[in-house]
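Colleague: Chains as they are written, first to last, in our numbering: chain A, 1 to 290; chain B, 1 to 211; chain C, 1 to 123.
FYI, nobody ran anything at the bench for these hints, they're computed from the structure.
Among the clues, some could well be false.
[Said to hold, decoys possible] Pairwise CB distance ranges, derived in the manner of DEER restraints:
#1 A:Thr-240 with C:Ser-27: 25 to 31 Å
#2 B:Ala-141 with A:Ser-23: 41 to 47 Å
#3 B:Gly-135 with C:Ala-45: 55 to 61 Å
#4 A:Glu-198 with B:Ser-209: 42 to 48 Å
For clarity, every value in this text was computed on a predicted model and none was experimentally measured.
All C-beta atoms, glycine included, are put in the ideal place defined by N, C-alpha and C.
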Amino acid sequence: MAAILEAKGLSKRYHGFTLHDISLEIPAGSVFGVFGPTGAGKTTLMKLLARQIPASGGTVRVFGLGYEEREKEIKNRIGYVPQEPSFYLERSVEYNARFAASFYERWDGGAFYRMLDEFKVGREKAFKRLSRGQKTLFSLALALSHGADLLILDEPTAGLDVILRRMILERLRVFAAKEEKTVIVASHITDGLEDIAEYVNFLDNGKLVYQAEKDELLARWKRIHYKEGALPPDVVAQLTDVRRLPFSSSGLVRDFAALRAALEPGIARGEVKVENARLDDVLIAMHQGD
Amino acid sequence: MSAILRKSSFFYISHLCTFVLPPLYMLAEPRNRSVLAVMALWIPVWLSSSVLWSERQESYTFLRMLPVTDRRIVRTKFGLVLGFAIVYWLVVSLFIRAAWGSTPQYAGYMALTTLACAAALVLAGGWLIVSWRFGQSVLTAAVMAFVVTGILSTWFVDVKRRVRGGGIWGITPDWLAEAPWFYHVLLFAAALAAFYGLMRIAIRIKTRSEA
Amino acid sequence: MFIALSPSNPDPMYKQVTDQIKNAIASGDLKAGDKLPSIRELTDALKTSAITIKRAYLDLESDGFIITRAGLGSFVADIDRDRLKEEKLAEFRTALKGILATGSKFGIGAGEVARLIREIEEE
Numbered sequence: 001m002a003a004i005l006e007a008k009g010l011s012k013r014y015h016g017f018t019l020h021d022i023s024l025e026i027p028a029g030s031v032f033g034v035f036g037p038t039g040a041g042k043t044t045l046m047k048l049l050a051r052q053i054p055a056s057g058g059t060v061r062v063f064g065l066g067y068e069e070r071e072k073e074i075k076n077r078i079g080y081v082p083q084e085p086s087f088y089l090e091r092s093v094e095y096n097a098r099f100a101a102s103f104y105e106r107w108d109g110g111a112f113y114r115m116l117d118e119f120k121v122g123r124e125k126a127f128k129r130l131s132r133g134q135k136t137l138f139s140l141a142l143a144l145s146h147g148a149d150l151l152i153l154d155e156p157t158a159g160l161d162v163i164l165r166r167m168i169l170e171r172l173r174v175f176a177a178k179e180e181k182t183v184i185v186a187s188h189i190t191d192g193l194e195d196i197a198e199y200v201n202f203l204d205n206g207k208l209v210y211q212a213e214k215d216e217l218l219a220r221w222k223r224i225h226y227k228e229g230a231l232p233p234d235v236v237a238q239l240t241d242v243r244r245l246p247f248s249s250s251g252l253v254r255d256f257a258a259l260r261a262a263l264e265p266g267i268a269r270g271e272v273k274v275e276n277a278r279l280d281d282v283l284i285a286m287h288q289g290d
Numbered sequence: 001m002s003a004i005l006r007k008s009s010f011f012y013i014s015h016l017c018t019f020v021l022p023p024l025y026m027l028a029e030p031r032n033r034s035v036l037a038v039m040a041l042w043i044p045v046w047l048s049s050s051v052l053w054s055e056r057q058e059s060y061t062f063l064r065m066l067p068v069t070d071r072r073i074v075r076t077k078f079g080l081v082l083g084f085a086i087v088y089w090l091v092v093s094l095f096i097r098a099a100w101g102s103t104p105q106y107a108g109y110m111a112l113t114t115l116a117c118a119a120a121l122v123l124a125g126g127w128l129i130v131s132w133r134f135g136q137s138v139l140t141a142a143v144m145a146f147v148v149t150g151i152l153s154t155w156f157v158d159v160k161r162r163v164r165g166g167g168i169w170g171i172t173p174d175w176l177a178e179a180p181w182f183y184h185v186l187l188f189a190a191a192l193a194a195f196y197g198l199m200r201i202a203i204r205i206k207t208r209s210e211a
Numbered sequence: 001m002f003i004a005l006s007p008s009n010p011d012p013m014y015k016q017v018t019d020q021i022k023n024a025i026a027s028g029d030l031k032a033g034d035k036l037p038s039i040r041e042l043t044d045a046l047k048t049s050a051i052t053i054k055r056a057y058l059d060l061e062s063d064g065f066i067i068t069r070a071g072l073g074s075f076v077a078d079i080d081r082d083r084l085k086e087e088k089l090a091e092f093r094t095a096l097k098g099i100l101a102t103g104s105k106f107g108i109g110a111g112e113v114a115r116l117i118r119e120i121e122e123e
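Isolated chain A, as found in the complex (with noise of 0.2 Å):
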């Protein structure tokens, strides 16, 4: 699979925060999630990736192109969704939506309004007269208008209720599923985004610490809930974020089919328990592990 977009030792600096040497493989037609504690540089780096800001280093290169020759060409092929919605705030729905349009080369002003119907936004309200759902799905219809080959959002389900959540998810699940179309999100776990990420990608301080396939990921790491002295000591010293509760202890594995074998007579005997390890709580272990 081609990649759609590819950046290598991309940086920000900012006064206290910096965005250390990023570099990313996005694959054609994936489902690509980014996601970290807040002031991790989520945003930062969406930002970059859409040059929505400069870049202090690096390069980007989105189909193939750079943003120093072909901005206009990129962005015509991207719909970015913003976390904090900038538009002209005293105007129009409608007016917001013709002025956008009028920069595409494949606008499609019925799909567009057809969106508009079905999130039940009004083309007539002022734009600073939305919610904050609505005005998220206002960016989506936007973004999902043009012909965009390429989708990237920032944190687009934060603080909305699960109705919302899941028509959002739903757009971005169908939108993915044409093979040619790609999405880069942003988001904290928790949000929903996981469910519909192929590839998760943990940025913590401004760093990637981990990269991973997500089904990869939820086979090889798992909560394991055991019986104190159930296990040998040198077991226990590969698992982490261990709990030591009255009744149990809990620990995650990183690699479970390593560890496999040296389980297995505790689990035959009643005394292990393997569940499936939460996408947090793999953060939160990369995040304490620094």
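Start from chain A and add chains B and C according to the hints.
Modeller: Chains B and C alone, transformed into the frame defined by chain A:
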């Protein structure tokens, strides 16, 4: 791109409308020409204010999402400023011609007008750079300060006394009355060159800015 | 005693608690007359809600596995090992039905499954 032009030009147009009202009134009252005398000095004030208002309602974050380069945005805004600087020059020239067309002070007033437009042009270019380099709040403070100073100065500067047969006392050469076109073209060319230079700087600054 | 609750387990939490306490009784970790942790203790230990533990203890009591004495706590009753065995066998029956059903799809008969069980026993 023309969407940017349309949106930004609203404030320039409305400013121009307010600009022409007093002199239109003055023309109707031939006895009182005092306001017309200082019209030229107001051009930089009006143009600077247009830039400020236009910048305040702009959303570059929105524009950055759209397929339009910083280069194009800068060129559009600079083009708009240039266009209106010329419009102000034409408008004021017409008023001056109507009021003093056949008098010896005509050359002087025209010289003043061209100088004011040249200054307004370069200043406006500077304001755009300030906006993109330092942000809206700095721009607002700076332009407000300038506007206040500009309006106050028209009280203190006695234009009528300074404008005499040849040109403007202390600023323009005496031979202006005989070869006015040379002066106008030279000043316009110099202003245009400076303006173009500012535009090049502005493109570099806008590309690096996050505003 | 080993109790660990799992949110991904389809059984409701209170059933997980009762199942695991019954396991502990069956394996001998809990003997007749042993005092069970108080509801508050177990709630804190398992990081769950008091309602869950109360329900679990109520179910265990109504099934005759524990006895609650007001002011003193809950104690393991004289265990009827046969009853525990019966319950477990009923669970196995359901599970084996599933295994046999799946097996028949793959052409694996009950006899082969029985042979498998004997092989495992010999290991």
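Colleague: Give a verdict on every hint.
Modeller: So, going through the hints one by one against the coordinates:
1. A:Thr-240 with C:Ser-27: 25 to 31 Å: holds (29 Å)
2. B:Ala-141 with A:Ser-23: 41 to 47 Å: At 42 Å between Cβs, range holds.
3. B:Gly-135 with C:Ala-45: 55 to 61 Å: holds (56 Å)
4. A:Glu-198 with B:Ser-209: 42 to 48 Å: Violated - the Cβ-Cβ distance for A:Glu-198 and B:Ser-209, about 35 Å, lies outside 42 to 48 Å.
The structure does not agree with numbered hint 4 stated previously, though it agrees with all others.
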